[in-house]
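Sequence order for the protein chains is A and B. Residue 5 in my numbering sits at position 5 of the first sequence, with consecutive numbering throughout. In my numbering, each residue carries its 1-based index in the second sequence increased by 304.
Because the hints were derived from the structure by calculation, they are not lab data. Because the structure is a prediction, the values reported are computed rather than measured. Watch out, some of these pointers could steer you wrong.
[Stated by the list, open to error] If you want a taste of the chain A side facing chain B, the calculated C-beta under 10 Å gives, among others: (1) V9; (2) V14; (3) H33; (4) G81; (5) V190; (6) G245.
[Unchecked claim] Output of the computed footprint for chain A on chain B, the stretches with three or more beta carbons under 8 Å from beta carbons of chain A: (7) 408 to 419; (8) 500 to 507.
For every residue, glycine included, the Cβ atom is placed at its ideal position computed from N, Cα and C.
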Amino acid sequence: MTHQNLLAVRELEVIAPGPLATVQDLGRPGWSHLGVSRSGAADAASLTLANRLVGNPEDAAGLEVTFGGLRARLRLRRPDGTPATGYLALTGAPCPATVNGRPAALDAPVPVSDGDELALGMPTSGLRTYLAVRGGLTPPPSLGSRATDLLSGTGPAPLHAGATLPVGEPAGPMPGVDHAPRSAPPAEFVLRVWLGPRDDWFEEASLRDFFGARWEATSKSNRVGIRLSGPALQRSRTGELPAEGMVRGALQVPPNGQPVLFLVDHPVTGGYPVIGVVHEDDLPLAGQIPPGAPIRFRPVGTPV
Amino acid sequence: MTTPLRGVRRAGSTALLAELADLDDVLALRAALERDRPVGVRELIAAARTLLVTYDPAVTGHDGLSRTLAERADALPAQGGAVTPSTDYDTLVVPVRYDGPDLADVAELTGLTVREVIERHTTPLYTVAFAGFAPGFGYLTGTDPVLRLPRRSEPRTAVPSGSVAVAGGFTGVYPRSSPGGWQLLGSTDAPLWQEDRTPPALLLPGRTVRFEETT
Numbered sequence: 001m002t003h004q005n006l007l008a009v010r011e012l013e014v015i016a017p018g019p020l021a022t023v024q025d026l027g028r029p030g031w032s033h034l035g036v037s038r039s040g041a042a043d044a045a046s047l048t049l050a051n052r053l054v055g056n057p058e059d060a061a062g063l064e065v066t067f068g069g070l071r072a073r074l075r076l077r078r079p080d081g082t083p084a085t086g087y088l089a090l091t092g093a094p095c096p097a098t099v100n101g102r103p104a105a106l107d108a109p110v111p112v113s114d115g116d117e118l119a120l121g122m123p124t125s126g127l128r129t130y131l132a133v134r135g136g137l138t139p140p141p142s143l144g145s146r147a148t149d150l151l152s153g154t155g156p157a158p159l160h161a162g163a164t165l166p167v168g169e170p171a172g173p174m175p176g177v178d179h180a181p182r183s184a185p186p187a188e189f190v191l192r193v194w195l196g197p198r199d200d201w202f203e204e205a206s207l208r209d210f211f212g213a214r215w216e217a218t219s220k221s222n223r224v225g226i227r228l229s230g231p232a233l234q235r236s237r238t239g240e241l242p243a244e245g246m247v248r249g250a251l252q253v254p255p256n257g258q259p260v261l262f263l264v265d266h267p268v269t270g271g272y273p274v275i276g277v278v279h280e281d282d283l284p285l286a287g288q289i290p291p292g293a294p295i296r297f298r299p300v301g302t303p304v
Numbered sequence: 305m306t307t308p309l310r311g312v313r314r315a316g317s318t319a320l321l322a323e324l325a326d327l328d329d330v331l332a333l334r335a336a337l338e339r340d341r342p343v344g345v346r347e348l349i350a351a352a353r354t355l356l357v358t359y360d361p362a363v364t365g366h367d368g369l370s371r372t373l374a375e376r377a378d379a380l381p382a383q384g385g386a387v388t389p390s391t392d393y394d395t396l397v398v399p400v401r402y403d404g405p406d407l408a409d410v411a412e413l414t415g416l417t418v419r420e421v422i423e424r425h426t427t428p429l430y431t432v433a434f435a436g437f438a439p440g441f442g443y444l445t446g447t448d449p450v451l452r453l454p455r456r457s458e459p460r461t462a463v464p465s466g467s468v469a470v471a472g473g474f475t476g477v478y479p480r481s482s483p484g485g486w487q488l489l490g491s492t493d494a495p496l497w498q499e500d501r502t503p504p505a506l507l508l509p510g511r512t513v514r515f516e517e518t519t
């Protein structure tokens, strides 16, 4: 039957993307030396959980939905054209979610059928909600990854109404998990920070301010970085720093003294001193910081 | 013998920043680490005076890797010398239309005629020292000393794709339109970055490059 594959359909159709929805996986490590950051899910822990809940490999591609607002329809038909069923999972920032108007559970596998419509409201806390579909999203990869990198322009474009994303075949059995409860993102974010590499570029008083202040995430924040507002950090030396390699989680301080916390789409090099770097294990939490949220930093190794 | 390593700084829980005296030492250490990569090292990101070494914290750690970097730096040949071109790639010839908006300013700044600026820029054999800033953007060493100019005091919000520029002792080519503060000498149609090509960049670290005037 040569027309079999014409009838088989596995895709997600975007009806409305909300403020920003992108395809993300765990990114493309290994290209920094050519100027491309790893990118990938800003809250990687939530994406991997969503994938596990629907029996996908942890690094399968899903959607990163910023500020909710996504509406999408699943099309799942067998090669003979008959409707098929599948699963999806929603993790990360909790938000009201419905499938065909009925409430859908978060952090749990949700059974779906051909034609079902998913709708997400605004998150009640946090910023980014993750959607995994059983089989994973399979748009063409760039440099080995399907992640959308908003700084370098690598990977699929941010979603627009009418976009369709292919869904792959399930790679393994469904797990025997009904629900994976998680704590919601907090009202105040506390992140552990390693000082350096350029903490010696700042006044002692500014290092105390850095750990003592209650910072605020400004609205000028995105996947590249979170611009913070708080006490202006003062440099103890003048002159320019030659550009140097940057890591995700780096807190780079431009001349105005207001740090920028680099997230997943950060530039690979930067020319301002980095006062400290957020602990790797706290980066998924940093990926959930919404504009206006208060943030505190504490030195790695000190009690909460 | 003195080590070229000026210090090793922590950059969080998964990276170290090695500080070196100059770019030649940075590239020598990068080459040594590429030839024989220490266990757990993920990426090596060279810059003008630093080498960022990222690592898998499940495999290696700050103290052990710092010692390894110090040993490798100590073992580098005593004389630094110029950037060593890679023998892995042919010399890349980049055709350039010398029609950049800063060409007249550069002539005035350097006391050269426009024609002399073009000759000074097309004469040297350049080497891609490192990449960064944007996918496919390379920092090229070998620029004629007279063309080692500072960045513009007012960066442009949009530098056109393909712009060939100088600043801070380097020559670079903008692979796509982006903000930028370098002095724009001309432009090229060379496909600097193509994701479906292997490797995607033309300006690969270590590759030698010449600029050729075209009309």
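Q: Check each numbered hint against the structure and report the violated ones by number, ascending.
A: 1, 2, 4, 5 and 7
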